[in-house]
Amino acid sequence: MISGLTASERRIALTITIAVLFGGLLMAAAGHGDPMGMQGWVVILFAAPIGFLLMQGLDAPEPPEDRFESYYDDPTRAGILISMVWAVIGMAVGLWVASMLAWPNLRFDAAWSSFGRVRPVHTSGVIFGFGGNALIATSFHVMQRTSRARMPNQVLPWFVLIGFNLFCIVAASGYLMGITQSKEYAEPEWYADIWLVVVWVSYFILYMRTLARRNEPHIYVANWYYLAFILVVAILHIVNNLAVPASLTGAKSYSAFSGVQDAMTQWWYGHNAVAFFLTSGFLGMLYYFLPKRAERPIYSYRLSILSFWGIVFFYMWAGSHHLHYTALPHWVQTLGMTFSVMLLVPSWASAGNALMTLNGAWHKVRDDATLRFMMVAAVFYGLSTFEGSFMAIRPVNGLSHYTDWTVGHVHAGAMGWVALITFGSIYALTPLLWRRESMYSWKAVELHFWLALSGTIIYVFAMWNSGVIQGLMWRTYGESGTLKFSFLESMVAMHPYYVARALGGLLFLIGACVGLWNVVMTIRHMPRFVPQLDYPTSSEASEPALPAAE
Amino acid sequence: MSILSLLIPIAIFMGLIGLGAFFWSLRNGQFEDLEGDAERIFCDGDDRPLPARRYNSTKEQQP
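Going line by line, the protein sequences match chains A and B.
Start counting the first sequence at 1; every next residue gets the next number (my numbering).
Start counting the second sequence at 1001; every next residue gets the next number (my numbering).
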């Protein structure tokens, strides 16, 4: 991979790595005695091996001149692998915290293994580690293919990918040390947040520069979805993380907002993170990989553009539905509720568009588990967006809020939609990127599909049951007008569903492990695909590059 | 609710960015040939970029 960089690019990469290394050293020295010092060491341990590898490869010969005649896929390949590794880590931690709720002895009584510290490792691990890396990797692929142009630069994509993973690792290790801002999906402290801004702005610049180099006049709709994801996440992240560090030598910071103001900022961020991180980006994936795999253009391209603008203009206002029946003014709650219901239109337009694209190719869906992953993802997208709009209605929210129903809803979206479309896209992409004929084992893809689907269904049904029972028990009054059930009684009623949830998670995790194995075996053992060209080719660089794992 | 005096302008500002992007795409002729645009992702030949060519659509669109 390093030999693909030019000598000057290697020097730039080394300079950046050394700068990060010094940053880590500074954190370790200044934050001595504070958890931030430990975070400094995490940065050093992350940057040092990269610096070492770069120094080893510093004198390698220059890459072939005609590299510009091919796409730059090395960062995409690395991103796919990293994403699958994060999937296994994040889902394994998820299984642990799910089991901890069913069998509290799994808590193990250490400070670092408490539920409040381990759970964000799961959420960040799957959302940012698995989802984020998959989004970055696939966006690199899609922006180059649909623009018919190579990325402008070879250092920037690596900076984005590796820098983002540095953020993920600093975040995850910080949670275990007890470092948190206590903001859902925005737990990392100020130094990690600043770093993510740098990485994210680079990502935006890289995307815009690639689009500016496009040789295809039209910007394919998937690019719009990816761009909205990058731009909006940047703004959300900056506003929600406005905070004043208690001291520059410590990890602790205080939010710029307080009370309900802070809650509103957090859920303005939180809901739009779901909208633009977990929806818009993955719709980009759907709109490229589903038609490609089905070998049919999108049923209505016009509708795909229309639903994009619908999502862009509606989503921003929906966040306050997370704060029904709170100190938030009533009209703000109503505003959030109204826009949430309106969102059903662009959401179902996308889901319906995806399914209509497959209409006429159902035999492919039947035979090809990769395409089936994408089809079921579209179904779950339709399902969970309907459920989301429904749950945002104030009286429904009165029953569902703070119960496991919310957890079930999130996982219908995260497992059924986000993870399935990602797995489908990775299975479609892996043979293409490594120039293999197909995946190593189609049976393993099939097995993964059924494991993932049954895991999701068990999980979601368990949480629906559990949540509705919980919500009803909390609002049942006795003859004398007092609450009929104690909180403990509702906990006892949850137990069987928590066991079922852990089982669903276990199936899903096994599926992800099978997927990682299959991807690695495809890279290592499948014969290289040699296309039958009817014209001569002379490019050295256009020969498939060496796979990353070899 | 002083936070709304921050969040509503930000949301409107982002909406305006969206609107600006939409108008740009209209004027740029992004929606001239939707069927062809949907089909063209399949024309990837041997999976290589096209030879570098600065595309300046505004100039070509205007007669």
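Hint data in this document are derived by calculation from the structure and do not stem from the laboratory.
Where hints are given, some of them may not hold.
Computed footprint of chain A on chain B, listed as stretches where at least three residues anywhere in the stretch have a Cβ under 8 Å from a Cβ of chain A [what the hints assert, rightly or not]:
# : segment
1 : 1005–1017
2 : 1024–1035
3 : 1041–1052
Beta carbons: idealized from backbone N, C-alpha and C, even for Gly.
Results of checking the hints against the structure:
1. 1005–1017: That given contact holds, which follows from 7 residues of the segment 1005–1017 of chain B lying within Cβ reach (below 8 Å) of chain A.
2. 1024–1035: holds (count 7)
3. 1041–1052: This one holds; 10 residues, not fewer than the three required, reach chain A with a Cβ under 8 Å.
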